[in-house]
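Same order as they appear, the protein sequences are chains A and B.
Position in the first sequence counted from 1, then plus 6, gives you this note's numbering.
Position in the second sequence counted from 1, then plus 6, gives you this note's numbering.
Honestly, the hints are just simulated from the structure, not real lab data.
Please read these numbers as outputs of a predicted model, since none were measured by experiment.
Incorrect hints may appear among the rest.
Which copy? The list can't say, so a pair holds if one copy fits it or any two copies do.
[Said to hold, decoys possible] With a Cα cut of at most 20 Å, we get these calculated EDC-like pairs of lysine to aspartate or glutamate:
| # | residue 1 | residue 2 |
| --- | --- | --- |
| 1 | Lys128 | Asp46 |
| 2 | Lys218 | Asp281 |
| 3 | Lys155 | Glu114 |
| 4 | Lys218 | Glu135 |
| 5 | Lys75 | Asp52 |
| 6 | Lys155 | Glu202 |
| 7 | Lys155 | Asp289 |
| 8 | Lys284 | Glu188 |
| 9 | Lys155 | Asp46 |
| 10 | Lys291 | Asp281 |
| 11 | Lys218 | Glu126 |
| 12 | Lys128 | Glu109 |
| 13 | Lys218 | Asp51 |
| 14 | Lys233 | Asp186 |
| 15 | Lys75 | Asp186 |
There are 2 protein chains.
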Amino acid sequence: MNIFSAVCLKEFDLIQLLTRSLPSNPNVITGPGDDCAVLDLGLPDDYILFKTDAVVEGVHFTGATAPEKIGRKALGRVLSDIAAMGGKPCAALITLGLPPHYEVSTVEAVYRGLNALATEWKTSIVGGETTTNPGGMLLSIALLGTVPKTKCIHRSGAKPGDAIFVTGQLGGSIAGKHLDFEPRIAEAQWLANHFEVHAMIDLSDGLAGDLKHVLRASGVGAELFTKTIPISREAKLQAKVESSAKPPLLAALTDGEDFELLFTIASRLAVPLLDGWKAQFPDQKLSCIGRITETPGLRLRDHNGVREFSGMGYEHFSLPARS
Amino acid sequence: MNIFSAVCLKEFDLIQLLTRSLPSNPNVITGPGDDCAVLDLGLPDDYILFKTDAVVEGVHFTGATAPEKIGRKALGRVLSDIAAMGGKPCAALITLGLPPHYEVSTVEAVYRGLNALATEWKTSIVGGETTTNPGGMLLSIALLGTVPKTKCIHRSGAKPGDAIFVTGQLGGSIAGKHLDFEPRIAEAQWLANHFEVHAMIDLSDGLAGDLKHVLRASGVGAELFTKTIPISREAKLQAKVESSAKPPLLAALTDGEDFELLFTIASRLAVPLLDGWKAQFPDQKLSCIGRITETPGLRLRDHNGVREFSGMGYEHFSLPARS
């Protein structure tokens, strides 16, 4: 998914089709369908996490994007996936597709952005390949990480009654955050170490879309309290200055590439969690935005009552007048 | 490197530049510069092998290539890299870049080719991503494997006096072999288990180019006996029917994508190796093509004497009249 263009692949359907009968072997704990693949290669205490992700010119960034930020974003996306499993990153390989005419200084800048973030998260870059890509730059990153077997968090563990939390503020990331977000690795590890997190995902497709992945994987539904959804300043600003922009709540629900964490825990732990979080991450917002239900589907509750949130996009969604 | 177009990236120089100061950590046994990265993640007996490789439309295959063969080739290339370290493959992730208009049946066929080879080598496909790639299809594969710590074979171990061997027959792979070669995993594991192989590489850039990688990494030189270089039927045929084709020996030295193994072992083991190989792989050619020297550089010896093989390509190489 991306924030620059409509999804022309019906990606989810296609992946469903392709992954019906993939070769497997006894090392595979989790194959397709979670933030990372999970492998048991014989480490006594840890699983291996394995993930690839690509960013493409004209889709995830433009020709005008600073190359440092392209490198940073590409690595940040896979680091965010490792975070969403409760894991820590270890080593990455870089595939850089370059158009026929390119500046070496551009490539160096891509690596500068990438290396800075890798250094920050103690991730080694263990190889790189460059190849020609006639249509423009493409940067694909393969990342290995590890996670203690007892702390690995899947999408599929959400339980009816769970409280739903999100980190940070949502929507409007196209204003800049999609290029320089901080992957929530430290936060995710603190969560995994201190609480029994039932399910977790990172927000790349948008709150509603990614929550639906969790609901589908867990066989449950959810009710969100619209008032508690943390809407970013950027989403509010965009709605004010651009007449074609989404209303802020819709932006928070459907904009992609927030790269925050969404997770569920037993509701009785909500208060200790908020207290602990405040002490640990005083500058980082954490919001309880709803609860998991037995009834399937995604519903929004506001002062007018409860209604189904049927679609991913705003065409099928009728909002009250903008605030 | 590829066989369809001239290398416009000066890939080796660029990678040298980029890999001067990559972030590392204590898990890294081997970073950039070998067939795979080698990681010690705490397995008692094994290292983890980690590799990515991409094939691109118009570079590694054409719009007319059967999609099953594109899938097979992409996975075969990384399996060949795992083989070159003496390892065995374990799990792969697929990144498929698709042009805006594509047929789902094409994508299914790519996966069919890929899955068949993965099944053959007990490799699980643990995830796949599709993304838009405006310029054409791009298929990047990330592969994990394992290798016993005591059997891991690098490029850097060649010693003066070693005999140089290659499997199979070389040159002319564009006639078809580049799409349906068999990665030499079984052969490499047999070699690693029965002989102390000093250095190994898979032939993707061409015999001369890849041997030079070994020589550079090992700080040695080599002398090849031109008569013993196994020239493929296809290279000979191309030279006969196409006036612009390379002479067969030059094709064997410089054509890319043979995906055979080149390795060096102590010369006293050459005869037992050839005997053992014949018993184990009776239908598979193995040729001793030269020896490692203390003197740097790559030299060819024929009935006229010894001369330097200076370039990668035939521009700087004067051959005797075609046979």
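To see whether the hints hold, each was checked on the structure:
Taking the closest pair of Cα atoms, Lys128 and Asp46 come within 20 Å of each other only across two copies (15 Å); inside a single copy the shortest separation is 22 Å, beyond that limit. In this assembly of identical chains, the alpha carbons of Lys218 and Asp281 never lie at most 20 Å apart, being 28 Å within a copy and 61 Å across copies at closest. For the identical chains of this complex, Lys155 and Glu114 are neighbours neither inside a copy (38 Å) nor across copies (34 Å), given an alpha-carbon limit of 20 Å. In the homo-oligomer, the alpha carbons of Lys218 and Glu135 lie at most 20 Å apart only across protomers (18 Å), although the nearest pairing inside one protomer, at 35 Å, exceeds that limit.
Taking the closest pair of Cα atoms, Lys75 and Asp52 never come within 20 Å of each other, the shortest separation being 32 Å inside a single copy and 36 Å across copies. With identical chains, the CA atoms of Lys155 and Glu202 are at most 20 Å apart within one copy only, with a shortest distance of 13 Å there and 37 Å across copies. Proximity of Lys155 and Asp289 under a CA criterion of 20 Å is satisfied in neither setting, with 30 Å inside one chain copy and 45 Å between copies. For a Cα distance limit of 20 Å, the shortest separation of Lys284 from Glu188 inside one copy, 18 Å, qualifies, whereas the shortest one across copies, 57 Å, does not.
Both within a single protomer and between protomers do Lys155 and Asp46 lie at most 20 Å apart by alpha-carbon distance, with minima of 9 Å and 18 Å respectively. Proximity of Lys291 and Asp281 under a CA criterion of 20 Å is satisfied intra-copy only: 12 Å inside one chain copy versus 69 Å between copies. Neither within a single protomer nor between protomers do Lys218 and Glu126 lie at most 20 Å apart by alpha-carbon distance, with minima of 32 Å and 36 Å respectively. Taking the shortest alpha-carbon separations for Lys128 and Glu109, neither the intra-copy value of 29 Å nor the inter-copy value of 41 Å comes in at or below 20 Å.
Proximity of Lys218 to Asp51 under the C-alpha cut-off of 20 Å is found in neither arrangement, the shortest distances being 31 Å within a copy and 42 Å between copies. Proximity of Lys233 and Asp186 under a CA criterion of 20 Å is satisfied in neither setting, with 27 Å inside one chain copy and 58 Å between copies. For the identical chains of this complex, Lys75 and Asp186 are intra-copy neighbours only, at 7 Å inside a copy versus 39 Å across copies, given an alpha-carbon limit of 20 Å.
In summary, the numbered hints that this structure violates are 2, 3, 5, 7, 11, 12, 13 and 14.
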